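*Asks:* These are the residues of each chain, in order.
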Amino acid sequence: MSEAHRRRIGDVVLKVDNISLRFGGVRAITGVSFEIRKGEIFSIIGPNGAGKTSMLNVINGFYHPQEGTITWKGMPRKQMRPHEAAATGIARTFQNVALFKGMSTLDNLMTGRLLKQKGNFITDALYWGPAQREDIRQREVVEKIIDFLEIQAIRKVPVGRLPYGLQKRVELGRALAMEPELLLLDEPMAGMNVEEKEDMSRFILDVNDEFGTTIALIEHDMGVVMDISDRVVVLDYGRKIADGTPDVVRANPDVIKAYLGVSH
Amino acid sequence: MAELTTGETFPALLEINARLRGSRPAIREKDLGIWQTWTWRQVREEVRVMASGLAALGLARGDKVVIIGDNRPQLYWAMVAAQALGAVPVPVYQDAAASEMQFVLDHAEARFAVVEDQEQVDKLLEIRVRCPRLEAIVYRDPRGLRHYTQPFLHSLAAIDAMGREHQKEHPEFYDEEAGKAKGSDAAIILYTSGTTGQPKGVVLSFDNIVKIARMSAELEGLSEKDETLSYLPMAWVGDNMFSLGQTYVTGFCINCPESSATVMQDLREIGPTYFFAPPPIFQNILTQVLIRIEDASWIKRRLFHYFMKVARRVGSDILTKKKVPLGQRLLYGLGELLVYGPLKNTLGFSRMRLVYTAGEAIGPDIFNFFRSIGVPMKQLYGQTEATVFVTVQPNDQVRLDTVGVPCPGVELKLDQSGEVLYRSPGVFKEYYKNPQATAETKTADGWVHTGDAGILDRDGHLKIVDRAKDVGRLENGALFAPKYLENKLKFFPAIKEAVTFGADREFATAMISINLEAVGSWAEKRNLAYTSYSELAQKPEVYDLIKAAVEQVNRDIAQDKDLAGSQIKRFLLLHKELDADDGELTRTRKVRRRFVAEKYADIIAALYGGKDSVHVEAKVSFEDGRSGTLKADLKIADAAVSEAQAPRALAA
Numbered sequence: 009m010s011e012a013h014r015r016r017i018g019d020v021v022l023k024v025d026n027i028s029l030r031f032g033g034v035r036a037i038t039g040v041s042f043e044i045r046k047g048e049i050f051s052i053i054g055p056n057g058a059g060k061t062s063m064l065n066v067i068n069g070f071y072h073p074q075e076g077t078i079t080w081k082g083m084p085r086k087q088m089r090p091h092e093a094a095a096t097g098i099a100r101t102f103q104n105v106a107l108f109k110g111m112s113t114l115d116n117l118m119t120g121r122l123l124k125q126k127g128n129f130i131t132d133a134l135y136w137g138p139a140q141r142e143d144i145r146q147r148e149v150v151e152k153i154i155d156f157l158e159i160q161a162i163r164k165v166p167v168g169r170l171p172y173g174l175q176k177r178v179e180l181g182r183a184l185a186m187e188p189e190l191l192l193l194d195e196p197m198a199g200m201n202v203e204e205k206e207d208m209s210r211f212i213l214d215v216n217d218e219f220g221t222t223i224a225l226i227e228h229d230m231g232v233v234m235d236i237s238d239r240v241v242v243l244d245y246g247r248k249i250a251d252g253t254p255d256v257v258r259a260n261p262d263v264i265k266a267y268l269g270v271s272h
Numbered sequence: 005m006a007e008l009t010t011g012e013t014f015p016a017l018l019e020i021n022a023r024l025r026g027s028r029p030a031i032r033e034k035d036l037g038i039w040q041t042w043t044w045r046q047v048r049e050e051v052r053v054m055a056s057g058l059a060a061l062g063l064a065r066g067d068k069v070v071i072i073g074d075n076r077p078q079l080y081w082a083m084v085a086a087q088a089l090g091a092v093p094v095p096v097y098q099d100a101a102a103s104e105m106q107f108v109l110d111h112a113e114a115r116f117a118v119v120e121d122q123e124q125v126d127k128l129l130e131i132r133v134r135c136p137r138l139e140a141i142v143y144r145d146p147r148g149l150r151h152y153t154q155p156f157l158h159s160l161a162a163i164d165a166m167g168r169e170h171q172k173e174h175p176e177f178y179d180e181e182a183g184k185a186k187g188s189d190a191a192i193i194l195y196t197s198g199t200t201g202q203p204k205g206v207v208l209s210f211d212n213i214v215k216i217a218r219m220s221a222e223l224e225g226l227s228e229k230d231e232t233l234s235y236l237p238m239a240w241v242g243d244n245m246f247s248l249g250q251t252y253v254t255g256f257c258i259n260c261p262e263s264s265a266t267v268m269q270d271l272r273e274i275g276p277t278y279f280f281a282p283p284p285i286f287q288n289i290l291t292q293v294l295i296r297i298e299d300a301s302w303i304k305r306r307l308f309h310y311f312m313k314v315a316r317r318v319g320s321d322i323l324t325k326k327k328v329p330l331g332q333r334l335l336y337g338l339g340e341l342l343v344y345g346p347l348k349n350t351l352g353f354s355r356m357r358l359v360y361t362a363g364e365a366i367g368p369d370i371f372n373f374f375r376s377i378g379v380p381m382k383q384l385y386g387q388t389e390a391t392v393f394v395t396v397q398p399n400d401q402v403r404l405d406t407v408g409v410p411c412p413g414v415e416l417k418l419d420q421s422g423e424v425l426y427r428s429p430g431v432f433k434e435y436y437k438n439p440q441a442t443a444e445t446k447t448a449d450g451w452v453h454t455g456d457a458g459i460l461d462r463d464g465h466l467k468i469v470d471r472a473k474d475v476g477r478l479e480n481g482a483l484f485a486p487k488y489l490e491n492k493l494k495f496f497p498a499i500k501e502a503v504t505f506g507a508d509r510e511f512a513t514a515m516i517s518i519n520l521e522a523v524g525s526w527a528e529k530r531n532l533a534y535t536s537y538s539e540l541a542q543k544p545e546v547y548d549l550i551k552a553a554v555e556q557v558n559r560d561i562a563q564d565k566d567l568a569g570s571q572i573k574r575f576l577l578l579h580k581e582l583d584a585d586d587g588e589l590t591r592t593r594k595v596r597r598r599f600v601a602e603k604y605a606d607i608i609a610a611l612y613g614g615k616d617s618v619h620v621e622a623k624v625s626f627e628d629g630r631s632g633t634l635k636a637d638l639k640i641a642d643a644a645v646s647e648a649q650a651p652r653a654l655a656a
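Each protein sequence line maps, in turn, to chains A and B.
When the first sequence is numbered by my numbering, its final residue is 272 and no position is left out of the sequence of numbers.
When the second sequence is numbered by my numbering, its final residue is 656 and no position is left out of the sequence of numbers.
No lab work stands behind these hints, which were simulated from the structure alone.
A hint or two may mislead.
Cross-link-like lysine-lysine pairs, in silico, DSS-like; alpha carbons within 27 Å at most [to be verified]: (1) B:LYS34 <-> A:LYS164; (2) B:LYS565 <-> B:LYS529; (3) B:LYS348 <-> A:LYS164; (4) A:LYS152 <-> B:LYS34.
Quick caveat, the model's predicted, so the values are computed rather than measured.
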């Protein structure tokens, strides 16, 4: 990470304190705590089934933990609710692309603006006056994202017809359309080739840099994680085993044993 | 016809355009999904502000400014702004690697660079230590450059702000400086890649560009009502003619695409009236059309194929206003309504009234397809050193295999070896800092050697046959143009590559590699079983197929008195495709003639040795990097030679 970037990291914006999550008898997460600071790129890594996606789901309120508190922007709570998370500035993408396949790239991105849209029933129904102006305003925001992600050429293409790598980019675009403060990315580079991964890494860094968006991501590609992250948390069987800068984490013997592999 | 703008230089033309047609659109760019328009009056303002800003930055008369980026209004303005100050813009190919840019920057002694974005800034920063003359870099798009703190980096917005300041302090400055420009001054330096050695900087004067632009606009009736899409590299002479010369002379509007990936969509939205594309682009469009038709419902498919048959029969004649029976004309009209019209609309070709192609030989399928559906495509022949135009096909004499007649004001001649020479108002001033190359190319009385070998047919049409250095003669003195023959062979879908031999030989021969997909599916339909490329290539049926193609080529060239002697008498089908991995082709798929001649010396000896087969053992590299040995016996076949005939009537 460049010095210039490091200087932009601010105070703690999200604090996860002693979270435990159970599905019946299965303990998905056990007593995990960490802090995400404003403006940083924060990665959660760990072997399959370590509880990474569950953690993201807890943060944006899909799952409700049995124990612990989540402090988001200074407000402690037992659990998040998805609509609350979205309304207060948390956006996310999914491991297995969750776009509206029959809709165009542009329309998918526009759905990201729904929460930001103002209007009333009558003018919206007639698409008249303020409703029209509002639509144009929202479209402008979306067009800037299209420009940013360099997806002009697929603006009107139904998402279902796009190759996987581009669908991932569109999904990032829809999350960005919410102008989030915290962006959760669930394996943004899964199933991509080297070139697509490089592109996506660049976009993640650019988003963080240009908009100052805080980013929390799950990723399996260790090279990418160590390259772009400011801080890394390692989960194993639902427990946190390491937390720190990429260099510190890489050198941690527990991590090497649990994740990077030791002969058993 | 609308009047053309008078004026000798671009700054002067700009002033007059702003006065004459100030509120007409001059340039558009698609940004944030919307076409943004600047009128001539606005462009005048932009150029004046930018010039003043560059002057405030220290740009002075005689300096060079490199311009690097996609086609963007601001970059076009930067060229004219530099010219107004007496500086010379040097556009550079935007996809060139940093090391390639270094040569140009160094050789041109550029002090300033105006570039599009971070990508180009990064490249310049990489080579900056080795280009000590480069003092300042100005960028258009600030994205990603936030943390760049180098003092010599400036955003265009900052330059414009400086320009406004400068204008307030020196209100007379711009007009004084711009007024000093003369027609004979250097307007631009274009570096040509050149197949050998270092690039050469072609210096063109205002007179070169403006006079040729005016000549071509008059020749083709271009006016301010035309529209074109500026999508070809700014460093290429053609773009300077179309997006600078002709638009400043006629006042027509140029349109900059949103990105290089959206060109086809932008083409459709703009629907230009005037368009240039090299053959591969038309090839791509045609391929896409055919693929999409195959995916369409059967009724659309039937309609398309039926009416394309009609179009092939009469479309070209209707385009050139020849007599066509009423029934056929009505049928074509129905086709226009149902097929050609909607198709042209989808492609953005509805309003096209002038379409040029040039650069290489165009396949008959592509050429006939577009002309038959009413796209007035024609060929021209040009060079950077000629400021593009040397020959153009007149509208009623469009032919597949010639590049037309000399443009007004262009003199053309062939020397004894068949090399094309020309003299015109467009002839370049010189190669920058390279008097030796200038003297080699341009004679004292202004004739320019093109390096291309050509033939003039009896209607005065020029036919380019090959690079002059590749053209040879048979033992009996007949002209032998290998690439011309190879191109003709490759227009057959069954033939992927061909290499012909004949220089200083008794007759011409060809080594051909078949196209596996095309011949494979042809074989499948005939229940011909085969297991490998080399087995398929040696089937007698395949030999017959290729023989028919070779004999067709022989019949074609028999009609050309200069080339009739070089018909292909013997040929053989190779056991493998020519491949860049085996060093037989360049990465851009051009045959490496000398290498092939050495590698296949046995085969060539057999072709001329009268044998009917030859044994080969060849090392081949597989795609996974392994290599192996391939053994095969290749048959050698004879092809019938045609008698030279009287030329047929014009095909147009």
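*Asks:* Does each hint fit the structure? Answer for all of them.
*Replies:* Against the structure, the hints come out as follows:
Of the pairs offered as hints, the one joining B:LYS34 and A:LYS164 holds, with about 15 Å between alpha carbons and a cut-off of 27 Å not exceeded. Restraint check for B:LYS565 and B:LYS529: the C-alpha separation of about 39 Å exceeds 27 Å, so the hint is violated. With a CA separation close to 20 Å, the supplied pair B:LYS348 and A:LYS164 stays within the 27 Å bound. With a C-alpha separation of about 13 Å, the suggested pairing of A:LYS152 with B:LYS34 holds against the 27 Å cut-off.
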